[in-house]
Amino acid sequence: MNKILIIEDEKILSEMYKFKFAKEGYEVLNAIEVGEGLKLAEENNPDLIILDILLPKESGINFLERYKGSSPIIVLSNFDDNETKKKAFSLGAKDYMIKSNFDPQEVLSKIKSYLQN
Amino acid sequence: MTIPFPVYFLVPSAFMIIIVGFYSWFKVDKRENLLFFLLSVAQSIWAISTFMMWYNCDVDELVLFWDKVLYIASVFMIPFLYHFSIELCDLKTKRNKILLFLCYLFSLGFVYLIVNTDYFIKDLFRYDWGCHTVAQIGHHFYLIYLGIFLSLTFYNFYSTWKNEEEPKEKRVKSFYILLAFFIFSLSGLGLLSAYKISIYPLYYLALPLCALIITYAITEKNLFPSVVATDILVVIILILLVTFFIFPDLEFNILIKGLIFILILSLSLLLIKHNHEELERRQELERMSRLKSEFISIVSHQLRTPLAAIRGHSSMIKDGDYGEISQDILNANKYIYDSSVRMIKLVNSLLSVSRLERGRIELNIESISIEKVIEECVEDVSMSAKEKGLYIKYKKSPKKLPEINGDFEKIKNAVCNIINNAVLYTVKGGVTIKSYLENNSIKIEIKDTGVGIDKEDLGKIFESFSRGKGGLELYTQGTGLGLYVAKSFVEIHNGTITAFSKGKNKGSIFIIDLPIKSIIKKHQTFNIIS
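Chains as they are written, first to last, in the working numbering: chain A, 1 to 117; chain B, 1001 to 1530.
Some clues are possibly wrong.
[Said to hold, decoys possible] With the Cβ distance kept under 8 Å, some of the chain B side facing chain A (calculated, not the full set): (1) H1301; (2) T1305; (3) L1307; (4) A1308; (5) A1309; (6) G1312; (7) H1313; (8) S1315; (9) M1316; (10) D1321; (11) R1342; (12) I1344; (13) L1351.
If you're looking for bench data, these hints aren't it; they were derived computationally from the structure.
Each residue gets a CB set at the ideal place from its N, CA and C atoms; glycine is no exception.
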């Protein structure tokens, strides 16, 4: 069973993605801030990480800077800023998706394609 | 005979007043501006012919000729001024209209007397400083006519100025016009010489004073809106300088020269002040525009999160993730989903506009296939076209089109926007898309059988928040931002979008023209204020 770590502080969204991904058979872990996300990533070695940018205490960019693992990271955020996008890609993010522009099914398809690769 | 110095002031004043009058009318084609222009023409003719009369004081025939001209001009000044007071003060009552008619009628009568008879002026009167014709019976009546209509005019301006119920701007205008023309009426003292009473013609300084007050009221008190202060000031300075060249031998004493120097200096200072004010106004506009863009940007980010939740959950209901649901709920859920998608599109458009206005568009330049762009757009809209029973055809160029350098997402946004609009604004028939190579450009032609665009709307549809009338009747959900963003994105790629339509219900054709070889900057800066 593939493990997915969602780092998202908006409960209404994290619960939604969790439900969707779990229904597809994934094991879903959830963190609401960078520190907790790093801890869960280290302990569980997820197959893929979904990362928000605007998080409490620290930005998602800090997670990318501090994360030493090899799991592919998809940024899923409503923060649509070119500088941040560039920074995220330069720090190893595989994709940068705007949450509101995609249905959970589309996010799921993206996850599947990354996990297959 | 030496001409007294106040007479010389008539010439530059005449030019000044006619230019101010013409410019006011040229900039704002309103009746009150036209009347002010006619008044300035009459004043200028009066001033020039008065100067010519003094200049030719030694030749009887010329004095008589120029005096007749100046009288004709002054006879017309009265109805123009009275008419101007009625228009400016908005006093178009029946009584005033009758009085105005009589005023014009009398003026024509006086012109007849001046031109064809000796009942107005006859013979010459010479005195220490100049010359004048002698008043006859018609002239006595002219003085009565002058007194009555000048009093009525001043009363119109005075009552408007003092009426606290009138808007402040109108009251200020009335005050300055009253002041300017009251001072100008002092030049009527020149009429005393028609009754053989001679006084030094200082009263001619009333015209330059009147011209200065009017100019001040236009430039500082917004007498005629849209008349740019600096333009007028520059012209006045030029007139004064030209006057020096025309009359190089004027025996002005040091006081007069000093006076003119101060005048030019003060006009120049006003000019500088106005430039600074314009600059400040522009900076303020830019600041407001920036604030607006930042506000839109923040609001848009905050809107996206709840919208993502609404879209996400409703899409999962739609996909059956929450189990089987009745058709009624599914139908209602579809409305929720479609509405959230619509709102997200609006937020995205607002963000794009905000970025365009802040000049913060950044491009991800790569080699892109226009055919792929079109295919993706066609796929995106095919479902909604099918639901409406519309065909959607893509006729590819027989020869494979070359790839161009550009930002795939931006080009796709522009092309999809146009195709999506074509579907939205078409009820019957469908949309045909063609792509072809022409003159080193790739052309994308999007033709629909929809509501078409009114001729008057064709030039405006690419402006932000602009929507054609046909569109409003058929589809009320558009924001008027799509075409503005599309045009901006195409222009970033050095391309153009052109719209054609034969009119209402005759469909539309949009042509996007993208040059194959063009240098596109990765960072684009715009200076858009809206």
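Hint check results:
no. : hint  : result
1   : H1301 : holds, 6 Å
2   : T1305 : holds, 6 Å
3   : L1307 : holds, 5 Å
4   : A1308 : holds, 4 Å
5   : A1309 : holds, 5 Å
6   : G1312 : holds, 5 Å
7   : H1313 : holds, 6 Å
8   : S1315 : holds, 4 Å
9   : M1316 : holds, 6 Å
10  : D1321 : holds, 6 Å
11  : R1342 : violated, 12 Å
12  : I1344 : holds, 5 Å
13  : L1351 : holds, 6 Å
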